[in-house]
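Numbered per my numbering, the sequence shown spans residues 87 to 341.
These aren't lab readings, by the way, just hints derived from the structure by calculation.
Cβ coordinates follow ideal geometry from the N, Cα and C atoms, glycine included.
You may find that some hints are simply not true.
As the list claims (entries may be wrong) - List of simulated lysine-lysine pairs, DSSO-like, C-alpha gap at most 30 angstroms:
#, residue 1, residue 2
1, Lys243, Lys256
2, Lys270, Lys284
3, Lys243, Lys270
4, Lys256, Lys270
What the hints assert, rightly or not - Listed next, with one range per pair, are the computed distances between beta-carbon atoms:
#, residue 1, residue 2, range
5, Pro320, Glu231, 43 to 51 angstroms
6, Ala326, Ser166, 45 to 53 angstroms
7, Glu233, Pro124, 32 to 40 angstroms
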Amino acid sequence: VRGRVATKRMEFVWNDATDVIIVSVRLGDGSLSTSASPSCAHLLPGEESVRWIHGCAHGAIDGFERMLARGEKPKIPLRSDVITMERLIACAWWHQRFSCIVVPVDQPNGAGRVCDVSSSISENADGCVIIVRDVTDRDRVFEMEREVLSASIERIKDEEANRFSRHEVKNGVLAAISQVDSLKSEIRRFCQEPEMDKMLTSMRTGLSHTLETILSQAMARDVLHGNYMPRAAPCRIVEALGLDEMMGSSAETTR
Numbered sequence: 087v088r089g090r091v092a093t094k095r096m097e098f099v100w101n102d103a104t105d106v107i108i109v110s111v112r113l114g115d116g117s118l119s120t121s122a123s124p125s126c127a128h129l130l131p132g133e134e135s136v137r138w139i140h141g142c143a144h145g146a147i148d149g150f151e152r153m154l155a156r157g158e159k160p161k162i163p164l165r166s167d168v169i170t171m172e173r174l175i176a177c178a179w180w181h182q183r184f185s186c187i188v189v190p191v192d193q194p195n196g197a198g199r200v201c202d203v204s205s206s207i208s209e210n211a212d213g214c215v216i217i218v219r220d221v222t223d224r225d226r227v228f229e230m231e232r233e234v235l236s237a238s239i240e241r242i243k244d245e246e247a248n249r250f251s252r253h254e255v256k257n258g259v260l261a262a263i264s265q266v267d268s269l270k271s272e273i274r275r276f277c278q279e280p281e282m283d284k285m286l287t288s289m290r291t292g293l294s295h296t297l298e299t300i301l302s303q304a305m306a307r308d309v310l311h312g313n314y315m316p317r318a319a320p321c322r323i324v325e326a327l328g329l330d331e332m333m334g335s336s337a338e339t340t341r
């Protein structure tokens, strides 16, 4: 009875497992007889998955007997290595844990599935149980999170550079405006040159426009990064566009 219960449990695990369960048995000539659980259909296309699900015999695994005799191991696959299911099974006989990209045998250059592989060899070394977990979606989420983190770091750096540039340039322009005001005041004390006064006034106006441009650009970047919430404020369109002076000078000319 216990045997039947255990068998039923194993059938349930075998048929309903989300990971691909593979049982591989070494035959006398060094070849392998391998079967995969039905979930293999999610990893490989139709005909190839059917081949593994129904069980198949395949050739000696990279000189299995020769390597076994000499105690050698094939190179462990890297996470970026693209291999077929047969190659995966061969490597699982030698390495208990590794990751790789599995592709159909007839599409070696196609889009593969990223898999984590773990295996366990029987005591007499004639059988191997392999668990293949498809982690493609997890890898995609990780890559998306990495890109979001990278973008966030870049944004923080950009904000820091923006703040530094804004303060440094603003302070420089303010210092220049202050010097122009001081120079204008001194000139008025010692001489009355209308042209000089007009030139300094024009210079101050230009520096003021430069300062406004710097502050508006910095504020726009703050709005873009979500660090500043714009608020409505009353204003006069004429003043905002700098038309009040133009209208005043036009009125004087008319008079």
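With 43 to 51 angstroms as the target window, see if proline 320 and glutamate 231 comply at their CB atoms. holds, 45 angstroms
Checking one constraint from the list: CA of lysine 243 to CA of lysine 270, max 30 angstroms. Satisfied? violated, 40 angstroms
Is lysine 270 within 30 angstroms of lysine 284, Cα to Cα? The hint holds at about 10 angstroms.
Status of the given 32 to 40 angstroms range, CB of proline 124 versus CB of glutamate 233: holds, 35 angstroms
Alanine 326 versus serine 166 beta-carbon gap, inside 45 to 53 angstroms or not: Roughly 58 angstroms apart at Cβ, these two residues miss the hinted range, so it is violated.
Taken at face value, is the distance from the CA of lysine 270 to the CA of lysine 256 at most 30 angstroms? Cα-Cα ~21 angstroms, so holds.
Taking only the CA atoms, is the gap from lysine 243 to lysine 256 under or equal to 30 angstroms? holds, 19 angstroms
In this structure, the hints that do not hold are numbers 3, 6, in rising order.
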